[in-house]
Amino acid sequence: MTHAMQFDLAKLSVREINQFLHHQLSGSGVDRIEILHPDGNHSIAVGMDADVAVDILGHAGYFIAGMNKRASVTVHGNVGWSVAENIMSGLVRVKGHASESAAASGHGGLVVIEGDASSRCGISMKGCDIVVGGSVGHFSAFMAQAGTLVVCGDAGPNLGDSLYEATIYVRGKIHSLGADAREEELQAADIERVSHLLAAAEIDCDASQFKRIASARSLYHWNADAHQEY
Amino acid sequence: MSRPIHREESASIDRLAIRYIREAAQHGLYEIRGMGAKRAVPSFDDLVFLTASASRYPLEGYREKCESKTVLGTRYAKKPIELEIPITIAGMSFGALSANVKEALGRAATAMGTSTTTGDGGMTSEERQSSKTLVYQCLPSRYGFNPDDLRKADAIEMVLGQGAKPGGGGMLLGQKVSPRVAKMRTLPEGIDQRSACRHPDWTGPDDLKIKLEELREITDWQVPIYVKMGATRVRDDVKLAVKAGADVVVIDGMQGGTAATQQVFIEHTGIPTLAALPLAVEALDDMNVVGEVQLIISGGIRTGADVAKALALGADAVAIGQGVLVALGCNHDSYVQDGANIDATEDYAKLGTAPGYCHHCHTGQCPVGITTQDSVLERRLTPDVGAERLKNYLQVLNMELTTLARACGKSNVHHLEPEDLVALTVEAAAMAKVPLAGTDWIPGRRDP
Ligand code: SF4
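Protein sequence lines, in the order shown, are assigned to chains A and C.
Quick note on numbering: the first sequence equals residues 1 to 230 in the working numbering.
Quick note on numbering: the second sequence equals residues 231 to 678 in the working numbering.
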C-alpha cells in the first residue's frame, strides 16, 4: 500500500523539504512524495538515499535530484542546469526539457530526459545511463568516462569530445564529433543495450536505427616515454 | 699556440634557455614536472618582525601561554572546524601520493590537532580513518566524488584552481594510474590522465553560489565549505567567492606545488603568495566579512616564520604541501627501511636528477617512496616513519610561530598584525603593504 505525502514549496522552503527527505522519511512508511509549486527552485530532492518516488509537479531550477541514490525522482516540467548531477543510483526522469550539463558526472542509475537536453549533457559521466527522447546540445558526453548516452534526436557540435570508455548512441543527425570520438559499427550487443535502455526509459524507438560513437583512444597517452627528462 | 676561449654567457639565451630550446626542438613535447616554482620571487623571507623592546613588551618564551587554536568555517556551518594549530595540510591526492603517505599525513595531523585534505581522486578509507579532521575536495574531475564520502567529511573544499597551475586541470601520468587509482577514478589503468580545468556542472560565480547551496543542502548545512583558488586576480576572485557563500577562502600563491603539470604553468602563472595575501585580506575587508569568512593562505610556506608572517598579514591559517613532502623525506639522499638508512642517490640519478634538485613526482618513481604507486618504492616510507617526521615538523612550525608571537607581545598567534612587520626590499614592501625597514614608506600606498 502506498503512503503518499505532499509538500508545497509555496509554503515551505527547499531546506525544510530536504531535511525531511534526509532525516524523517526513513521509517515513516511514506513511499511517495509530491512536491507542489517547485517554481524554478534549485536543489530540490538533492542527496536522496531512500527507496521512494518523488514527483515534482512543475518546472524546477538547478541541480534537481543531485547526487541521487536509490530514489525515483520525476520532474513534471522542465529543469535548469545539472539535473541529477553525480547521480549514484536510482532513476531521475524529466518529462520536459533539461538545460545544460544534465546528469553531469553521473556514477550510476538512469537519467531520462523526455524532451531535449541542452549542451554538455552527460559531461564527465562515470557509469550512469542517460536516455534523451529529443536532441542534445554541443559538447555532450565531453570527457565521458563510463556509461551510456542514448540520444533519440540529433546531437550538436563536438559530441563525445575527449571520450574515455562511455558509449554514445544517436538516432538522428550528428553535427560533428569531438576530438578522439569516432563512429563504430553497430553490433547486435549494441542494439540489445539500446533496446534495454529505451525500454527502461519507456521511450518507443527502433534500436537498430542508432549510430554508435566511442573513443578512438588515441589521446590516452601522449608518448611521455619519449621524454624521460620531463 | 691555442687561442684563449672566451666564455661570455648571454643573459637572455643562458644555459637554461639553451637547454630548454634544445629539449623542445628534440622532443616536440613541453616539459612536465612536479613541485612548485623554482624561480626567486619576493617572499615572506623579505619581511622581518619588529619584536618587542622598550615600546612593546614581550611575553616569556617558555612560561607564558600563547594560544594557537584556530576556528574555521564560522559563517554558515553548524559545525565549524576547530584546530589546535593554524597550520593545515594542503590537498594532495591519493594517486599522486601513496596510500602510506596519506595515512602518515592523517596520523601526524591528528596528533597535532590539525586537518588534512583529500585531492583529485577521492577519499581513501585509510585517510578517513587516520585523519580526525578531513577536508573533502570537490574538483572539476569529480573522480570518486560521492555523497557518502561527502557526508563523512568535516569540511568541503570547492577547488577552482591551484597556485602551481591556475587555469589548468590536473594531470596524472600513466605510471601512477595503478589498478586501485584507476578504479577510484573510473579510468582505464595506465592511461595518462588529464583532468578538466572547469567544473562539469557549473561555470560562473552565479552558478557557484547555487552549487555551494546544493552541497550545503546535501550535507544539511553541517560542515563548512571552503573555496580554493590559485592566486591571480585575487581581489575580484575573493569577493566573488564570498558572494557565492564561501565559509573559508583558500588562496594558493604561485609557489604552490603540484604532482605534475606543465613547467610553463609552474613558472609563469599566478602571483607570489606574498602579493596575494594582502589582496585577499583587502577583499574580505571591502566585503565587511573579516572574522566571518576565514582565510587560508598557501604556496611556499616552509617555516614557522613564514606561518607567523602569514598570520600577521591577515591569514587565519596556512596550508602546506611541499614542506610536508620534504618533512616526509622528499629530496633526502636516503630512506629508512627495516630500521636502516639506505642511500637513494642512484635512484635519483636514474631519473636524471640528484637529492636536493628533484621535481620528478610526475614519474611515479619517487626515490624515497612518497609520490609513487609502485609497490616496491612505496615501502620506502612507512606510515610510522612518515607520521613521526611530519608531527615533528608541524610541532617545530608551531613552536617557532608562538615564539615569534610571544616576542611581539602577543598571547594569541591570531593577534599578530601587519604593524609587527617591515620589509627588506622595495618589492616586498609594495606587495605586503608594510613599510620598507627603516622608513615609513609603503610603495604604492597613497596617503588617505
Ligand atoms: S623526491 Fe619524490 S616527492 Fe620529492 S620531488 Fe622527487 S619524486 Fe617528488
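Hint data in this document are derived by calculation from the structure and do not stem from the laboratory.
Hints should not be assumed to be uniformly reliable.
Claimed, not checked - Chain C is faced by these chain A residues, among others (derived, beta-carbon under 8 Å):
id	residue
1	20
2	22
3	70
4	88
5	218
What the hints assert, rightly or not - Below, in silico cross-link-like pairs of lysine-lysine (DSS-like), each with a Cα-Cα straight-line distance of 25 Å or less:
id	chain 1	residue 1	chain 2	residue 2
6	C	473	C	309
7	C	362	C	621
8	A	69	C	439
9	C	382	C	295
10	C	439	C	308
11	C	413	A	69
12	C	473	C	308
13	C	362	C	382
14	C	382	A	69
15	C	309	C	299
16	A	11	C	439
For each residue, glycine too, the CB sits at the ideal point set by N, CA and C.
Here is how each hint holds up against the structure:
Here the hint on residue 20(A) is broken, as its CB sits about 11 Å from the closest CB of chain C, past 8 Å. About 6 Å separates the beta-carbon of residue 22(A) from the nearest beta-carbon of chain C, less than 8 Å, and the hint is met. The criterion of a C-beta within 8 Å of any C-beta in chain C is not met by residue 70(A), whose closest approach is roughly 11 Å, and the hint is violated. With 8 Å as the threshold, the beta carbon of residue 88(A) comes within range of chain C, its nearest partner Cβ sitting at about 6 Å, so the hint holds.
Interface hint status for residue 218(A): violated, as the beta-carbon distance to the closest one in chain C is roughly 11 Å, over 8 Å. The hinted pair formed by residue 473(C) and residue 309(C) meets the criterion: a straight-line CA distance of about 21 Å does not exceed 25 Å. In summary, the hint linking residue 362(C) to residue 621(C) is supported, as the alpha carbons are separated by about 14 Å, within the 25 Å threshold. With a C-alpha separation of about 24 Å, the suggested pair residue 69(A) and residue 439(C) falls inside the 25 Å cut-off, and the hint holds.
With a C-alpha separation of about 34 Å, the suggested pairing of residue 382(C) with residue 295(C) is violated against the 25 Å cut-off. Between residue 439(C) and residue 308(C) the CA atoms are separated by roughly 19 Å; this keeps the pair inside 25 Å, and the hint holds. For the suggested pair residue 413(C) and residue 69(A), the alpha carbons sit about 20 Å apart, so the restraint of at most 25 Å is met. Restraint check for residue 473(C) and residue 308(C): satisfied, since their Cα atoms lie roughly 19 Å apart, inside the 25 Å limit.
Taking the CA atoms of residue 362(C) and residue 382(C), the gap is about 11 Å. The hint holds against a cut of 25 Å. Only pairs whose Cα atoms come within 25 Å are accepted, and residue 382(C) paired with residue 69(A) is accepted, the gap being roughly 16 Å. In summary, the hint linking residue 309(C) to residue 299(C) is supported, as the alpha carbons are separated by about 16 Å, within the 25 Å threshold. The hinted pair formed by residue 11(A) and residue 439(C) meets the criterion: a straight-line CA distance of about 23 Å does not exceed 25 Å.
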